[in-house]
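Taken in sequence, the protein lines are chains A and B. With this note's numbering, letter number 397 in the first sequence gets 407, and the count goes up by one each step, no holes. With this note's numbering, letter number 151 in the second sequence gets 286, and the count goes up by one each step, no holes.
For the record, the hints were derived by calculation from the structure and aren't laboratory data. Take the hints with a grain of salt, since some may be wrong.
Stated by the list, open to error - Label pairs and their in silico Cβ distance ranges: (1) A:232 to B:655: 43 to 53 Å; (2) B:655 to A:91: 33 to 43 Å; (3) B:425 to A:232: 14 to 24 Å; (4) A:91 to B:548: 52 to 62 Å; (5) B:266 to A:421: 30 to 40 Å; (6) B:413 to A:180: 54 to 64 Å; (7) B:470 to A:91: 33 to 43 Å.
To be verified - No farther apart than 27 Å at their CA atoms in a straight line, the calculated lysine-lysine pairs in the DSSO-like style are these: (8) B:467 to B:555; (9) B:164 to B:208; (10) A:415 to B:520; (11) B:164 to B:214; (12) B:432 to B:520; (13) A:415 to B:419; (14) B:555 to B:419; (15) B:432 to A:415; (16) B:555 to B:465.
Every value quoted in this text rests on a predicted model; they were computed, and no experiment measured them. By construction, the Cβ of each residue, glycine as well, lies at the ideal position given by its N, Cα and C atoms.
Given next are the chains, with one letter for each unit.
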Amino acid sequence: MRHKIGFGAALATSALLLTACSGGTTEESSSPSPSETETAIDASGVELTVWVDENREPAVAAAAETFMDETGATVTLVQKNFEDIRADFLAQVPTGEGPDITIGAHDWLGALIEGGVVNTVDLGDNAASFAQVGVDAMSYDGQLYGMPYALEAIALVQNTDLVGSDAPATWDDMIQMGVDAGAERPFCINTNGETGDGYTMYPFQTSFGAPVFVQEGGSYTSEVGMGGEAGTAFAQFLADNGEAGAGYLSTTIDYDTNNQLFNSGECAFTVQGPWALGSYTDVNFTVNPVPSAGGEAASPFVGVQGFYVSSQSANALLANIFLTDYIATPEAMQALYDADPRLPAFEGVSTESAAYPDAIAGFQASAEQGVPMPSIPEMGSVWDFWNAAESAIIKGADPASTWDKMVTDLTAALAG
Amino acid sequence: MSTETSTQVQKPEAPARNWRGLGWGFLVKLLLMMLVNALGVAAIMAAWNVEQWTILAVSVVFLIAADWVYFAKRTLPLKYIFPGLVFLLIFQVFTMGYTAYVATTNYGAGHNVNMQQAVDAALIQDERRVDGSPSYPLSVVKDGDTLGMAVVIDDVVQVGSEDQPLAPVDGGVADGAGRPTEVPGWEVVTVNDLLSDPELAQSVTDLRVPVSDEADDGSLRTRDGSSASIYRSSLVWDPETTTLTNTDTGVVYTPDEYGTFVGTDGSSLPVGFYVNIGFENFVKAVTDEDYAGPLLKITAWTFAFAFLTVATSFLLGLLFALIFNDDRIKGKKVLRTLFILPYAFPAFMSALLWRGMLNPEFGIINEWFFFGANINWLGDPWLAKFSILFVNLWLSYPYWFLVCTGALQSLPGETTEAAKIDGAGRWRMFRSITFPLLMVSTAPLAIASFAFNFNNFTIIYMLTNGGPRFADASVPLGHTDILISAIYQISGIAGGRADYGLASALSIVVFVVVGIVSAIAFRQTRKLEEIQ
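One chain only, chain A, in its complex shape (with noise of 0.2 Å):
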């Protein structure tokens, strides 16, 4: 009981850890320097610090190789949990402690912007090559404030062995295709338990025609799009295949159950990103886009992910040229897409590589119908309020007064 274990981050300057990549490749696509930058820069002394997460250190500490081989330059990655990266960035860079650059999401954007902490960034020469919904995800009142990289979405990832490879139309086709094949359960999603996830059921929810904010122009606005009729329907829905109805949503099943379940084949269908997909090993799956439960497109959150720079960073010349030049490439797109396969936000990088080519081409066509996860910096409160009200539904809390309160309830918080 008294026992505390600082799981926090670990520093890690790995650069020793990996063999280093072919240096002669990334030369040749670095940007047209002058004559005379062509004999080997000399940056020696000065020191860019990176945060990244786990899973990207290796292709970041891969970049990180062949720009201090080349600029005699000192680059230090420092892994964090990805989850602990944007509350500490927001605190450490006003003391001057922060990183240079750091990895994260773009629904961040919002809270990093208020918090004064991310500095603007320009994506060198080749900006075409970035597919044109990273960039505007990272983009803030028409600013670019992060270089992108990966795209994720989620999808149907269906057992090819229950119910074959066909995607079905809508809910109704794809619970009486489980059935069919005779699965213990035709239909499995993850509610984080009791916490509830309106992350994993939002293309259910958009079938609906109900947004979490009512989008003009493709951007939202701070109005919750999640009331009247639209909301109410889907609320019903949630009700009607819940635990007090057909059982097919339940609050007992995690992010772990729901891959074990599906793992050991009870499951037929499920909805799930990219990141599971190395949980599935003891079964044959192919990945679709979700299937319509309200008769609209069933479009998910599309999350981007990229490089921030800091607003304090003491040497934003060398960290603008290591991410232009060093991982604005086709090579380091490459190695950061093998080391951690997500849809890639770069053109031509290819997905051969990937343990799962056929699912992320699955992926991607569900990431196609998507819409862009919100950055606004209250997203925060609105999952809290959210998640609570699906969570409570499921367990058979009336469904339209329940959302409607959770609506009002939301208005109000993100008023005051």
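Let chain A serve as the given structure and place chain B on it in line with the hints.
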């Protein structure tokens, strides 16, 4: 006796007689103090380098104090308590003082930086690349201390500096890529030179070269030292009046008392800075109507949780300690070791495991002990409370088992023997002798344990995360939230919209509550000692 000796000997060199050389003790002290001084000077120099004046001043004071304490003659008591005092000041007093300071500010989301940093960020966010501006190959040039930029526009080499707008220069030469290589009157700075000199690099990053006399046309700016584009900013900072003015719209942004830049048209800038707001956080902590009802329930549950946890785990631990203290039991050592196991696991891991085991559908608790019944242990308000108490009991009774075993073994044998001779039965002996004596040594630990459990964030966060939610409240709090987890929720640290000021204020309120409860309890335990 000493006076006798001195009168007998009557030597004037009396001090010399006491001189026994420096001695090993002094040498060791000297070495240790050299280490302390070396560390102190290193800390001072490090503080100097990063311009942390407060830390520098504190280090200097501590170092001088340390040298004075250990080399002066009259500071014997201080020699013993000085290290403890330093730790007390750094780790307790400073932390509390800093929390109190944060509680009087609005530090948090949107007020994350100081005023200068907020202005910097606002200017950064405002400066935009001019639509369609190409990226020009750039040569950074200098003339003495003046930095400039040279680019080729319309096939002519043009050069300018911060004060001089871009203008064509005669005799400029550019290479095939369109990058100026020779600019008469200016010295070309290579990218190499730029990168090896961080200060120069910083000035180049900050350099803006106007493209014309018209400020509206924007200025050249480089991010990488080898290419430049035209950027334009509309905000102007006036340090005298501390206002930001938008030159396009004429709106003047003035900071209000909360550190937000509010414009004359009622709009505000996204980035603000932290300011002192006095006791507003404390007022908000106790007067917010949305929170009043839930917080009352949460306070009651916090007391119940802390008290019941200590009571149940103490009683169970005591019971097992009594049983396993009996001489007739074989293999006591092995059994005792096994008893300690739950205590040896990290609490957050155990809580996660229990969360899985209590899962109504897949958990083994329902499956093994309740014939597969669908009992929602963590989803029902009362069952969730029971589950938390049960899991915490499982986690903490080994601690009490350990403490009580130790206390039992140190009980004076003669007292119990005397009671036996007087004909006291087992129960009577336990009630009148063993238990009261046990309480003398364990009551302070029970109070400490109460204070610990009062703020036992881990078990709540890992087991239920405060859930199930209050269905009737408009705030994201739940039936099993205790004050500290409620603070975590209210202050928005979980959602990334943190209000550290409010969180600090609430923590201080909780600190005061725990302090008062503990003080009263310690007073009560004094009565126990009278028994002895």
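- request: May I ask which of the numbered hints given earlier this structure violates, with the numbers listed in increasing order?
  value: Hint 14 contradicted; others consistent.
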